[in-house]
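Student: The chain contents come next:
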Amino acid sequence: MRRPPLGGRFFDLQYANLKVGAAVTQHKIRMRVAIVTISDSVSRGTSKDASGPGVRDRCAQLGWEVVSEQVLPDEPVEIRGRLVSIAEGGSADLILTTGGTGIGPRDSTPEATTQACQKLLPGISELMRDEGRKKTSRAALSRAVAGVRGRVLIVNLPGSPRGALESLDAVAELLPHALQVLGGARHD
Amino acid sequence: MRRPPLGGRFFDLQYANLKVGAAVTQHKIRMRVAIVTISDSVSRGTSKDASGPGVRDRCAQLGWEVVSEQVLPDEPVEIRGRLVSIAEGGSADLILTTGGTGIGPRDSTPEATTQACQKLLPGISELMRDEGRKKTSRAALSRAVAGVRGRVLIVNLPGSPRGALESLDAVAELLPHALQVLGGARHD
Amino acid sequence: MRRPPLGGRFFDLQYANLKVGAAVTQHKIRMRVAIVTISDSVSRGTSKDASGPGVRDRCAQLGWEVVSEQVLPDEPVEIRGRLVSIAEGGSADLILTTGGTGIGPRDSTPEATTQACQKLLPGISELMRDEGRKKTSRAALSRAVAGVRGRVLIVNLPGSPRGALESLDAVAELLPHALQVLGGARHD
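Chains as they are written, first to last, in this note's numbering: chain A, 904 to 1091; chain B, 904 to 1091; chain C, 904 to 1091.
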């Protein structure tokens, strides 16, 4: 997948302080983000993607590079397959999904994501729900998960435009560090 | 299963504001609750059910309709079977269990509930523990889970009378909304 | 395994108030702790164990008796086997691991611990992360779990010296009570 040239839209870079061994070094972290909107109605074309574009704009504000935007129906096998294929494709460091994290009969994003991941990061989900509950008690109903496949981080965001951004904001500071660790540095 | 006539003991109805699409509409939500006390000693008749009646009274205060009260021993296969049978029987929207959520050798309610559910709602468990910890650090030892089978919500409460009510109070506001979503409206 | 004589280094005993039935009784709880440092580099001898000795000293301050200190590489099968063997050996009431709880490619302590346990205690993990996040947002990346095998409690601590002690402090008050319950008294 082609990436936008430096100096283009995604020219901002992310910096993080990271301890490697005893020394504190500073690394440029390039966050390449794939956004996947998961919604039956958006996929069918009967409703507008209300959350994906907001997530894309927030990523741009964070200085992250959005490398793809896709829409999928609430079909767990399809979702899982796409997440695996993006994660193994090498073009993204972070996959952000939006939608399908609720308790409705068709919501299956968390299950599909769990199957696509080799490790889960329950603290990310807890953090998103904790922060969300400061805004609305309904955040407790989100079943969003986060995890790792290879060196790629996968994070579910809710499907409501506001919920998606609030969840992303809750963990945005943490994700560059997580990706740095996944690249081989040790956190623990 | 017969339900009490309107105007009888359970005449109060629950209202919830719920976004459906762009419009905010108000729905009457009828909460039909099955209470299951899980305790070897209550089941054997060697101790009194200390938590079930308190849960029943709190449900009545909340305007929820208690359709059944049952007692089971701490036998995971039996618990799971009963939860599935109530959920599929169509007479209850919400199953509240009390007891068997601790770490003792016989406590098996969370495992049995997990097996009975098609989806788990970790945010409900986190909320009950978070709120519980404001009262006692021991709330962190509760392994209570919550989940969904079909359109029925299943929520574990601890077996101590106080813990059961505190856990129920922590999520009571959320449950009518969750059930509304399960009925087909979309939360996410 | 021999235990230090009373009056020696580990002479302090732990007391806990515990409700048994209706009466409040006070029990002496003897905490026998096995510490397992999990780190490839410490195991190879290429780096110093930075967290195990700190955990040992904190246990001594808490009046707990450290019965063994071991080092293992980040090998899940080996970790799981050792945890099971300690839990079934009868010489320890509590196993504290340190290290391997992060998201790096070799970190596998939580998975190995999950397999070694018969029951998980998600509230312990949540409590450690919640408390940790008051110090650093990176605590949310810890995947540490806690659980039970037989009557033995197994708790993962992070591998950073500060993180290990902060996590231990977050749950130290709770663990004697948990062990008392595991011994047969009912919490729930």
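The set of hints was computed from the structure by calculation and includes no laboratory data. Hints may contain errors.
Any copy, or any two copies together, can satisfy a pair, since identical chains are not distinguished.
As the list claims (entries may be wrong) - Listed next, the in silico DSS-like pairs over lysine-lysine satisfying Cα-Cα at most 30 Å (straight line): (1) K1022 / K1037; (2) K951 / K1022; (3) K951 / K1038.
Student: Mind listing which of the numbered hints don't hold for this structure, in increasing order?
Tutor: Result: no hint breaks.
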